[in-house]
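A.B. asks: Sequence:
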Amino acid sequence: MKNEISSAGNLIKIIEDSRNNALKKVNEELIRMYWNVGEYLSKEAESAVFGDAYIDSVVKEIQAAFPGIKGFNRRGLYRMKQFYETYSRNPIYEKV
Numbered sequence: 000m001k002n003e004i005s006s007a008g009n010l011i012k013i014i015e016d017s018r019n020n021a022l023k024k025v026n027e028e029l030i031r032m033y034w035n036v037g038e039y040l041s042k043e044a045e046s047a048v049f050g051d052a053y054i055d056s057v058v059k060e061i062q063a064a065f066p067g068i069k070g071f072n073r074r075g076l077y078r079m080k081q082f083y084e085t086y087s088r089n090p091i092y093e094k095v
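Numbering (numbering that gives the first Met the number 0), first residue to last: 0 to 95.
By construction, these hints were calculated from the structure, which means they are not laboratory data.
Owing to the predicted nature of the structure, the values given are computational and were not obtained by experimental measurement.
Treat the hints with caution; some may be incorrect.
[To be verified] As a list, the in silico DSS-like pairs of lysine-lysine whose alpha-carbon atoms are at most 30 angstroms apart:
(1) K69 / K23
(2) K24 / K12
(3) K42 / K69
(4) K69 / K59
(5) K24 / K42
(6) K42 / K12
(7) K23 / K12
(8) K59 / K42
(9) K24 / K69
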C-alpha cells in the first residue's frame, strides 16, 4: 500500500510541476504580448494625426476581429502603451 501512495505522490508532483510550468509560460507570453502591443501603440501614436482617436479606432478593429475579447478596450490598450513606455526607457529592461 505504501508503494502505491508514494508512486501516486510522485505522479502528482510531476503533474503539479508541469501545470505550474505551463502557467509560467502563459504569463511570459502575456507579458510579451502586452509589451509588443504597447510598443506598437506607442510608435503609432507618435505619428498618428488624430491622437487619442487613434486608440479608439484600434479598439473597434480589435473588437470586430475578436468579439468578446477582454482587456482590449481603450483603458486596457492605454495601460499596455503605458507599460511599454514606462519600462522601455530603463536600460535594465531589454525587449521582452
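A.B. asks: For every hint, state whether the structure bears it out.
C.D. replies: Status of each hint after checking the structure:
no. : hint      : result
1   : K69 / K23 : holds (20 angstroms)
2   : K24 / K12 : holds (18 angstroms)
3   : K42 / K69 : holds (23 angstroms)
4   : K69 / K59 : holds (13 angstroms)
5   : K24 / K42 : holds (27 angstroms)
6   : K42 / K12 : violated (45 angstroms)
7   : K23 / K12 : holds (16 angstroms)
8   : K59 / K42 : holds (19 angstroms)
9   : K24 / K69 : holds (20 angstroms)
Of the numbered hints stated above, the single one contradicted by the structure is hint 6.
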